[in-house]
Amino acid sequence: MDYTFQYGQVWPYLPYLLSGAWLSLQIAFLAFCGGLLIGTACAAMRSFGKGPLLIVVNAYVIFFVNTPQLVQIYFLYFALPDMGIYLSSYMAVLIGMTLNAGAYLTEIQRAGFESRRRSEMEAAEVLGFSRLQQVRYVILPHVAKVLFPPLSNHYILMTLGTSMAAIFGVEELTGRALNVNSQTFRSLEVFSVVALIYIAVTLVASVLLALLGRYGFRAKMRVV
Amino acid sequence: MELFDLLTYYNVLFLAQDALTTLALSAFGCVLGGILGTALAVVRLTRGKLTLPLRGLALVFTEFFRRVPFLVTLFLCFFAFQFGGLEVSTLTVGCVTVVLIGTAFLAEIVRAGLQSVHPNQWHAAEAMNFSLLQTIRYVILPQAWTVILPPAFGFFILFIKDSALASQIGVVELTYVGKVLNNRGFSAGVTFGTILVIYFAISFPLARLGAKLEKKLGSSRTR
Amino acid sequence: MAHLELDDVSAAYGTFQVLKGIDLSVARGETVGLVGPSGSGKSTILRVLTGLLPPSSGEVRVAGDVVDYSRASEIRRLRDRCAIVFQQYNLFQNLTVLENVTIAPTKIRGRKRAEVQPEAEALLARVGLSDKLGAYPDELSGGQQQRVAIARALCLKPEILLLDEVTAALDPELVSEVLDTIRGLAAEGMTMLIVSHEMGFIREISARVAFMAEGRVVELGSPADIFDNPQKERTRDFVGKILRH
Chain G
133 MDYTFQYGQV WPYLPYLLSG AWLSLQIAFL AFCGGLLIGT ACAAMRSFGK GPLLIVVNAY
193 VIFFVNTPQL VQIYFLYFAL PDMGIYLSSY MAVLIGMTLN AGAYLTEIQR AGFESRRRSE
253 MEAAEVLGFS RLQQVRYVIL PHVAKVLFPP LSNHYILMTL GTSMAAIFGV EELTGRALNV
313 NSQTFRSLEV FSVVALIYIA VTLVASVLLA LLGRYGFRAK MRVV
Chain P
174 MELFDLLTYY NVLFLAQDAL TTLALSAFGC VLGGILGTAL AVVRLTRGKL TLPLRGLALV
234 FTEFFRRVPF LVTLFLCFFA FQFGGLEVST LTVGCVTVVL IGTAFLAEIV RAGLQSVHPN
294 QWHAAEAMNF SLLQTIRYVI LPQAWTVILP PAFGFFILFI KDSALASQIG VVELTYVGKV
354 LNNRGFSAGV TFGTILVIYF AISFPLARLG AKLEKKLGSS RTR
Chain Y
-1 MAHLELDDVS AAYGTFQVLK GIDLSVARGE TVGLVGPSGS GKSTILRVLT GLLPPSSGEV
59 RVAGDVVDYS RASEIRRLRD RCAIVFQQYN LFQNLTVLEN VTIAPTKIRG RKRAEVQPEA
119 EALLARVGLS DKLGAYPDEL SGGQQQRVAI ARALCLKPEI LLLDEVTAAL DPELVSEVLD
179 TIRGLAAEGM TMLIVSHEMG FIREISARVA FMAEGRVVEL GSPADIFDNP QKERTRDFVG
239 KILRH
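Protein chains in written order, with my numbering: chain G, 133 to 356; chain P, 174 to 396; chain Y, -1 to 243.
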């Protein structure tokens, strides 16, 4: 191996790459928020719902959790046009990631709901809490504390998952890395810089989430 | 129907073979990654100045591969082999990638499992002159494996789906076949629909098995 | 020569000074009791004597040999000579009663299983657990587990036995079975250092008692001196509180 690293050609592209990272963060954030909405609704349905709606929800979750996100997006991007639905690559990725997140976040949240502690609920009842007060003072704080760490963890995984968008030509961080690569042919330099940007971005996110978790929800979290 | 045109003898063989490649790739990453990951987890539990550089390396390794996207790691490996002048198949690049990533993630799963064993077990062993490796071998692992196995198995199932990305550097696995068949003129709906169903057929039973495993290990006593 | 000597030993957890110059000696075959309020450093002394916490200053001597805590080999030697029994028993949950007792002699010391097993069985018979050899710790009562822990420590053939609040986690009706075992050991001439809240027991079994407070040995004397005629204000205060219970 006698490869000489030459980062000189890559540095000028740093602002270009960083604005790509900004797009990655946006995709992750939007897909996570959408997924959280879907996931909360589906988890509630799974805990309390009955009948055909429950079957639909279960089918959705089981299908999306057991197939690759990449192929799901392939399907959205390449197969839907045959049915007359045209999605831009950005929209296909965003919808695919949101649906995928919705399924995973349903699973995570259901586990959280099921962790309600009977003894605490009984104590609250004995103390004369109303149903609403029980939810407000006992169930929600506990569920939030239990759910926050796995949700944060999934958020980080989703940030990394946005790199998939590059495959469909979205110019987020990895997409722009491919562009810079084809212009400079300094592949190792480009991708090592991009790797470091991903590490920096997710580390910052992990630290912020750990602080929020610790002080906002009294959840035990560590960064490394 | 187009689906029947797709499912000719040769195409089915093609699909089956590459479904196996997908499965083998993840299994390889998890088995070798599990062994190396356990070693990393043990390194991170050592104390003292002597192993400080090793601990640092293990930390950097696990954090690096857990915080870089699969796709980027894949490209890094691909180009590292290319520029290193090593002529290897894309499957080899895929294998190296899954081992690197598997090692990092499984190291954390194993470390969490080892740390889940009550500290008094570590203290008792230490007071009786067990070395770190003896403690882990005779006392900690026999208690921790029921904690380690379910998430490790979950990671394996997740990995089956993540390895779809290996198609991007030309590893001939399940997703790659989808692209090939699509290029041969089969409609995207039918080809990717078929691929999705095959992934489902692999992942779903394994996920059910994993859930059963977790239930069984959870209710059994630690021994 | 004293069997065990601590000479001006200090120790700290991080920046928190727990032991502030402990002087204590235990003669061969003697039983010394350590009493005092929680947080006075009693258990910390035992951690120092098993090398779980190295002292920040001072000297520990076993049969005249100074322990050099900077050397791993000397800490190993110290642990060979001093065995500890913990408050929470700390039995290995994945091993049977017999395996708990034999694992260290066979796997760590490399002795032959055929040689260790009869010894282990004899020790377990002595603590009254011959019928539990194949049981797992979670199938035993606390008192039974604690007796296994004592047998496990004895199977290492220690010169000195350290007992850390061995009855504190037990239900009251189980305490006496463990205390009987310890009485037997004292009668056989085992050198012991005992931390306990069982004042009646400490008084009965100890040749000397050390009263500790805030990381220091406040008063040292015969059980009668400490419990009936304490000289120091701090000791009187403590003993007074206990006797009122």
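Simulated from the structure, these hints should not be mistaken for laboratory data. There could be a bad hint or two in this list.
BS3-like mimics (lysine-lysine), calculated; alpha carbons at most 27 Å apart, straight line [claimed, not checked]:
| no. | chain 1 | residue 1 | chain 2 | residue 2 |
| --- | --- | --- | --- | --- |
| 1 | Y | Lys130 | Y | Lys110 |
| 2 | Y | Lys18 | Y | Lys230 |
| 3 | G | Lys277 | G | Lys352 |
| 4 | Y | Lys155 | Y | Lys110 |
| 5 | Y | Lys239 | Y | Lys18 |
| 6 | G | Lys352 | P | Lys352 |
| 7 | Y | Lys105 | Y | Lys130 |
| 8 | Y | Lys155 | Y | Lys130 |
| 9 | G | Lys182 | P | Lys385 |
| 10 | P | Lys352 | G | Lys277 |
| 11 | Y | Lys155 | Y | Lys105 |
| 12 | P | Lys352 | G | Lys182 |
Quick caveat: nothing in here was measured; it's all calculated off a predicted structure.
Cross-check of the supplied hints:
At most 27 Å may separate the alpha-carbon atoms for a hinted pair to count; Y/Lys130 and Y/Lys110 meet this at roughly 22 Å. Distance check on the hinted pair: Y/Lys18 and Y/Lys230 sit about 18 Å apart at the alpha-carbon level, within 27 Å; holds. Pair hint G/Lys277 plus G/Lys352 holds up; C-alpha atoms about 8 Å apart against a cutoff of 27 Å. Restraint check: the Cα-Cα separation between Y/Lys155 and Y/Lys110 comes to about 15 Å, which is no more than 27 Å; the hinted pair holds.
A distance of roughly 25 Å separates the Cα atoms of Y/Lys239 and Y/Lys18; the hinted pair therefore holds under the 27 Å criterion. Proximity of G/Lys352 to P/Lys352 is assessed by CA-CA distance (about 44 Å); at most 27 Å being required, the pair is judged violated. Taken as a hint, the Y/Lys105 and Y/Lys130 pair is honoured in the structure, with Cα atoms around 22 Å apart against an allowance of 27 Å. With a C-alpha separation of about 22 Å, the suggested pair Y/Lys155 and Y/Lys130 falls inside the 27 Å cut-off, and the hint holds.
Pair hint G/Lys182 plus P/Lys385 holds up; C-alpha atoms about 24 Å apart against a cutoff of 27 Å. A hinted pair counts as satisfied when its Cα atoms are at most 27 Å apart, and P/Lys352 with G/Lys277 does not qualify at roughly 43 Å. Proposed proximity of Y/Lys155 and Y/Lys105 is supported: the alpha carbons are some 15 Å apart, at most 27 Å. The straight-line distance between the Cα atoms of P/Lys352 and G/Lys182 is roughly 39 Å, outside the 27 Å bound, and the hint therefore fails.
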